[in-house]
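**Student:** For reference, the chains in residue letters:
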Amino acid sequence: MSDEMTEEGGVIKKFMFVNRTAPYGTVYALESLEVVLISAAFEQDACVLFADDGVYQLKKGQNTDALGMKNFSPTYRALEMYDVEKLYVDKESMEARGLTKDDFIVDVEVKTSAEIVSMMEDMDMVLNY
Amino acid sequence: MSDEMTEEGGVIKKFMFVNRTAPYGTVYALESLEVVLISAAFEQDACVLFADDGVYQLKKGQNTDALGMKNFSPTYRALEMYDVEKLYVDKESMEARGLTKDDFIVDVEVKTSAEIVSMMEDMDMVLNY
Amino acid sequence: MKFSIAIHEGPYTHEASDTAYQFIVAALEKGHEIFRVFFYHDGVNNGTRLTTPPQDDRNIVKRWSELAEKHSLDLVVCVAAAQRRGIADADESKRNGKDTDNIAPGFRISGLGQLIESCIQSDRHLTFGD
Amino acid sequence: MKFSIAIHEGPYTHEASDTAYQFIVAALEKGHEIFRVFFYHDGVNNGTRLTTPPQDDRNIVKRWSELAEKHSLDLVVCVAAAQRRGIADADESKRNGKDTDNIAPGFRISGLGQLIESCIQSDRHLTFGD
Amino acid sequence: MLHTVNKSPYTKNSLDTCLRLAKEGSAILLIEDGVYAALTGSEVTSKVEAAMKKFTFYALGADLDARGVQDRVIDGITVVDYAGFVNLATENSGVQSWL
Amino acid sequence: MLHTVNKSPYTKNSLDTCLRLAKEGSAILLIEDGVYAALTGSEVTSKVEAAMKKFTFYALGADLDARGVQDRVIDGITVVDYAGFVNLATENSGVQSWL
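Chains as they are written, first to last, in my numbering: chain A, 1 to 129; chain B, 1001 to 1129; chain C, 2001 to 2130; chain D, 3001 to 3130; chain E, 4001 to 4099; chain F, 5001 to 5099.
Just chain A, same shape as in the assembly (with noise of 0.2 Å):
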């Protein structure tokens, strides 16, 4: 690993998220959330993947009035502002989902399974929710 320093001089990893879980059946997507908006703080190169259900995450147009719960998908679009901005959707998730790059709530980078093989390979950390 060659790892970078942060201006205080720091250690930073490449991170990647793996989120898999769809919103709101189980609390996964959400706290994962939790844990990338933190990796920001710490000044770490972060990456998120959504890949099998957790490309869901993004969907447009989620309402969550007659559920009670609360709605947290407009947080992903926060994410940019904390400079988390490698947001990587998996293409065989979302096509095997009938979505679309319009279909999700903020810019997503579409990878195909080969692209993620090698991205994956070279972070210092995984992290899989």
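In case anyone wonders, no lab produced these hints; they're calculated from the structure. Misleading hints may appear alongside valid ones.
[Claimed, not checked] With a cut-off of at most 20 Å between alpha-carbon atoms, the simulated DMTMM-like pairs for lysine to aspartate or glutamate come out as follows:
(1) F:Lys5047 x B:Glu1095
(2) F:Lys5047 x F:Asp5075
(3) D:Lys3062 x C:Glu2092
(4) C:Lys2098 x C:Glu2117
(5) B:Lys1086 x B:Glu1109
(6) B:Lys1086 x B:Asp1103
(7) D:Lys3070 x D:Glu3029
(8) B:Lys1111 x E:Asp4016
(9) F:Lys5023 x A:Glu8
(10) F:Lys5023 x F:Glu5091
(11) D:Lys3030 x F:Glu5091
(12) E:Lys4023 x B:Glu1115
(13) B:Lys1060 x B:Glu1095
(14) B:Lys1014 x C:Asp2123
(15) C:Lys2062 x D:Glu3029
[To be verified] Cβ pair distances, simulated, as ranges:
(16) B:Glu1109 x E:Asp4016: 21 to 29 Å
(17) D:Ser3110 x A:Asp65: 33 to 41 Å
(18) D:Lys3030 x E:Thr4040: 47 to 55 Å
Quick reminder that beta carbons are idealized off the backbone N, C-alpha and C, glycines included.
Chain A is already provided as a structure; the job is to place chains B, C, D, E and F on it using the hints.
**Tutor:** What follows is chains B, C, D, E and F alone, placed relative to chain A:
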């Protein structure tokens, strides 16, 4: 529903416990077994269906020494003493996993999908684990 | 009609507790009876009074306590499952040599027989779980 | 080598806590360092002192407390996840207006930053969950 | 009998087992992450459409709304609210909850 | 990189996604309910055998023993104990835990 009566004049209902999870990976198999045992004390007409990964609950030769958990598989043998004698195994689940009747720690009736469909429809209460 | 409800998962982690709650509210509004709500597996974790959820989110435990109060619901936490997971009332705490308890108002701890009895006494049983 | 460990599921319900424990014991025996064990999601439920598991089964919480004592392990329970699920130490209890706490010996409650720091400071990070 | 399915058809096998073991003519209510099976244009759409010849499908509106997919429900699947869920539970002879 | 898979291949899609997104040559360690993928004579055996051309497979002995399936592990899958798990984690450049 044509409920029968216990000796004390209580209602007897037809219960089916549907066990679909593997043992040890999660606690559902163990805690389902605890429910089945209790139901016997209520003199109910109980049967247990093992389907999907639930068929693994009955696998012979379980040894949890290295895992450090309690091996609860011998308890399935005790079910007969509690008059829980109707143990059904879903044929399709069993065969998909390469298992046969001889692999099981207790004597079971192997049932086809069609047989399970009509049995399940006949139940008063179905409990899922 | 009389309903028996089982909840298998804890608050927030899975939607099970939410769906069960909404189902029960709707059933009560229609004049149905909820014979008992039985909390099993991680469902017992719905019965702790120590949760402090975020201000902008629902308070699942409090919601159960209030619904129980309003409709005299019988909320039963399975004793065996509760012991594995650390949910205790004053009696359980004393019996097991603990220095405190954590059960929330409106919940009571009892045995698995209460689940079977609930099924026997009710017209329908629904399981909400993972 | 330095390890960072995250545990996402509670005791008994999933095997995650068991596997993590066995992994850590084996790593320590080999002379590796466990920088931190971070309990997230339902993993926070490993940190309650109110469990009373069956006599013939393992005592997961006690096992963690003892391992922490023996090896000076840093067992951190995520504060946000703990608030949702009802795990509190004396400070948290006071701050949130609760009448008691339930944290087990050897565990401490802290923020999510501790997870990121643990990853930064360690050579490997492993997640045990569902 | 009413069958409920609360798991995504992409992640877990619950819907498959339900379709195999539910009696023809049964009602199947998709709830929680199970509602993802109710959508058009996906990899599982054809499987569900085929099953609609054998079963009557329902999906819980609150769960569709929350997930932002209420506008792409397969024609012929009835969207119900929690009161509708209660009705389905009473109108059918029993409930089997596929987890 | 070491990939761990802890879900049954019959129940959840974790193994499939791992096989699709792990780099050729990676080590895959089956743990917990994931060990059911390591067995001969099942519906998933051929899939795993095909994947063995691309990956090196391991299975956790304690989990095989507990489930009573230690005697039917596919030839070429290495059974390891927890110490072996630790070694795999150190020898590989990182760990990806497929849940």
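**Student:** Just to be careful, I want the Cα atoms of Lys2098 of chain C and Glu2117 of chain C compared with a cutoff of 20 Å; is the pair within it?
**Tutor:** violated (30 Å)
**Student:** Kindly confirm whether 47 to 55 Å is satisfied by the beta carbon distance between Lys3030 of chain D and Thr4040 of chain E.
**Tutor:** Roughly 54 Å apart at Cβ, these two residues keep to the hinted range, so it holds.
**Student:** For the pair supplied as a hint, Lys4023 of chain E and Glu1115 of chain B, confirm whether the alpha-carbon distance does not exceed 20 Å.
**Tutor:** With a Cα-Cα distance of about 10 Å, the restraint between Lys4023 of chain E and Glu1115 of chain B holds, given a limit of 20 Å.
**Student:** For the pair supplied as a hint, Lys1086 of chain B and Asp1103 of chain B, is the alpha-carbon distance within the 20 Å limit?
**Tutor:** holds (18 Å)
**Student:** Is the straight-line distance between the alpha-carbon of Lys1111 of chain B and that of Asp4016 of chain E 20 Å or less?
**Tutor:** Holds - the C-alpha atoms of Asp4016 of chain E and Lys1111 of chain B are around 17 Å apart, at most 20 Å.
**Student:** Take a quick look at whether Lys5023 of chain F and Glu5091 of chain F sit within 20 Å of each other, Cα to Cα.
**Tutor:** Given pair Lys5023 of chain F, Glu5091 of chain F holds - Cα atoms ~16 Å apart, limit 20 Å.
**Student:** Sort out whether Glu3029 of chain D lies within 20 Å of Lys2062 of chain C, counting only the CA atoms.
**Tutor:** Violated, at about 45 Å.
**Student:** Just to be careful, I want the Cα atoms of Lys3062 of chain D and Glu2092 of chain C compared with a cutoff of 20 Å; is the pair within it?
**Tutor:** Satisfied, since the Cα-Cα distance of roughly 18 Å is no more than 20 Å.
**Student:** Under the criterion that the straight-line Cα-Cα distance not exceed 20 Å, is the pair Lys5047 of chain F, Asp5075 of chain F satisfied?
**Tutor:** holds (14 Å)
**Student:** CA of Lys3070 of chain D to CA of Glu3029 of chain D, is that 20 Å or under?
**Tutor:** holds (12 Å)
**Student:** What's the verdict on Lys3030 of chain D and Glu5091 of chain F, does the C-alpha distance respect the 20 Å limit or exceed it?
**Tutor:** holds (14 Å)
**Student:** Is the Cα-Cα distance between Lys1060 of chain B and Glu1095 of chain B 20 Å or less?
**Tutor:** Distance of about 16 Å is within 20 Å: holds.
Of the numbered hints given earlier, the model fails hints 4, 9 and 15; all others are met.
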